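Chemist: Protein chains in written order, with this note's numbering: chain A, 1 to 425; chain B, 426 to 658.
By construction, these hints were calculated from the structure, which means they are not laboratory data.
No incorrect hints appear here.
Chain B is faced by these chain A residues, among others (derived, beta-carbon under 7 angstroms):
(1) H79
(2) C358
(3) V374
(4) R385
Every value quoted in this text rests on a predicted model; they were computed, and no experiment measured them.
Glycine included, each C-beta is placed from N, C-alpha and C at the ideal position.
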Amino acid sequence: MAQKTVEFTVGRNAEMGMDGRPAASPLEPFEIAEPTLGSEHMLVNVGPQHPATHGVLRLVCELDGETVVDVTPHIGFLHSSFEKLGEYRTWNQIVPLTDRMDYLAPLIYNCAYAMGVERLMGIEVTERCKVVRVILMEMDRIFGHLLWLGTTAIDVGAFTPFLYTFQEREKIYKLHEAYTGARITTSATRVGGMMADLPEGWTDQLRAFMDSFPNTLNEVHRLLTNNGIHIGRTQGIGAISAEDAINWGFTGPNLRATGVDYDVRKDQPYYDYETYDFEVPVGQHGDCYDRYLCRMEEMAQSLSILRQALDRLPGGPINVEDPNISLPSKTDAMNDMESMIHHFKLITEGIRGPVGDCYAPVEGSKGELGMYLVSDGGTKPVRWRIRPPSFVNIAVLPKLSRGHMISDMIMINASLDIVLGEIDR
Amino acid sequence: MSDDSLSELDALDAGPRASDVVEPAAGPPSDPSGHPTVVALMERFGDAVLHHEVVADEQHVVHVDPSRNVEIIRWLRDDPAQAYNHLADVTAVDFGGGAPLQVVYQLFSLTHKHRLRVKCLLDVDALTIDSVVPMWNGANWLEREVYDMFGITFKGHPDLRRILMPKDYAEGHPLRKDFPLRGRFSRAEQTRRALAQDVDRFYIPAERAVGREPQEVHFPDPDAPSRAGRADG
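So here's chain A without its partners, still in its complex pose:
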């Protein structure tokens, strides 16, 4: 008979903060006797079309009873060769490809790409543009984490948080729509600025969301954080040490859950993140529960950054005033000869970059999102490489899952917060 020790540490993080102080458990740990079943291993195929794989991911599991002996992830079902397509497009034409990769937080991808090109070309965007991009990125961090929260809660049997989080997501969808006209495929950035300035009343709409969102966050906290079933399904599941996490290339909340406080916003600040007052939540145990807590706290921190950014949102132009980079206004292009020439050159030819390469990382909702751009001086990139955080994170799934039950493997997979559009690209 095999023994499985069930340990209750209810309220390990009784407070909403991240102090990690262990609280006294109301229950003593006890042991369940498990019958030893046959030793013949079984091959079970999960996916590629399966709701619990969170995308078109296929997992071939070798099982001993219900225990996972090994998992082989098979990816590539959504491969669209975005990187190859990018080599045939001008710098601005690539923007629509970026939001199709991470459709759960598209604006982070838009902004990251634009930032990479601007760093390559040495373009300094306007103050207003910087703050607007911070607002959009933090808004989409919440957007991405909310989807993760709802779908992951479903994987452990909690259906209600899904309804709550998707109600809030709908408000962000509406904000996307009000600004860009699209709910998912936003394509909001351009090299040197944005496709347009924020529409009138948009910030009020965002503030209305920010007023209602903390209530939802508290409700989900009440439903999950001290929920015995949720704790039992997540604490000690899929744990990884800080050393291993670094060795496997973890970034983002997955890395911070192990106790490493690496956040690109703090360590390599962009868009004046060093002037915003926010905390980087870290966990201690590196398990599914700490990943959950880290993301919950990150949403609260993003909300704080949003408030600060909205308060400091400066006026002025949103695009750089360089006719070789930004399109002239439609009125100018129709009435002014110079503007029309610039408009024509930019549309037919595109922007020219310098010879060189550039690696620009941002803190995406899933980890370090890097844009590596190589230019030969032409209007198209020679190579456009995305450092995909989900791709690196999902590679750890076999290591994390071995020895756990197959239902825990589903939870581990969910807790890594993957998006297959970005893994396959």
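Given chain A, work out where chain B should sit, using these hints.
Modeler: Frame of chain A; chain B shown alone:
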């Protein structure tokens, strides 16, 4: 850039163009004193550090001897003054036109918060380099992707097989510049191959060794007399 007169679709069918700049790697050498690691690296591996440049926004790039990549990167990781313990990315760049392929390592030091880009140039007819998987497990999938997309072989990689493309993909390595955007085979040939695939190709040998064979599905013989016919007779 010599944008030819072909329309976009014709240009696609005409195949890829080589990069216009033939000699991409030779940026002007930069002053290494701005980056403490580069200075130390040059002191220690003088002849193996082939080139150093500073590109966009103070990013330091070193080109190293591809035959000593593991030795140099291991030193960068293990030397406490450098401590580049986080391998952010492994990728490759093809400039086309027979120019050497670049293998690019993006290193980051979580201790000192330094970033460094290490490049190794590989000739197109000798696309082999030592794997860094023994140092970072995270390099496993990244190197597999480089192999899949560029055909670069990583010596010492434990499981070097295609990752994004199907394992029996026969058209080559898609991100190479000599690979046409729409693939090497015609649409008809691609469809024929897609229809001719069998169950076995969805499993790797390690998986096939476990468990049962896939169940055989028996379809009814269309020539056999139907049950209704038998009942009537």
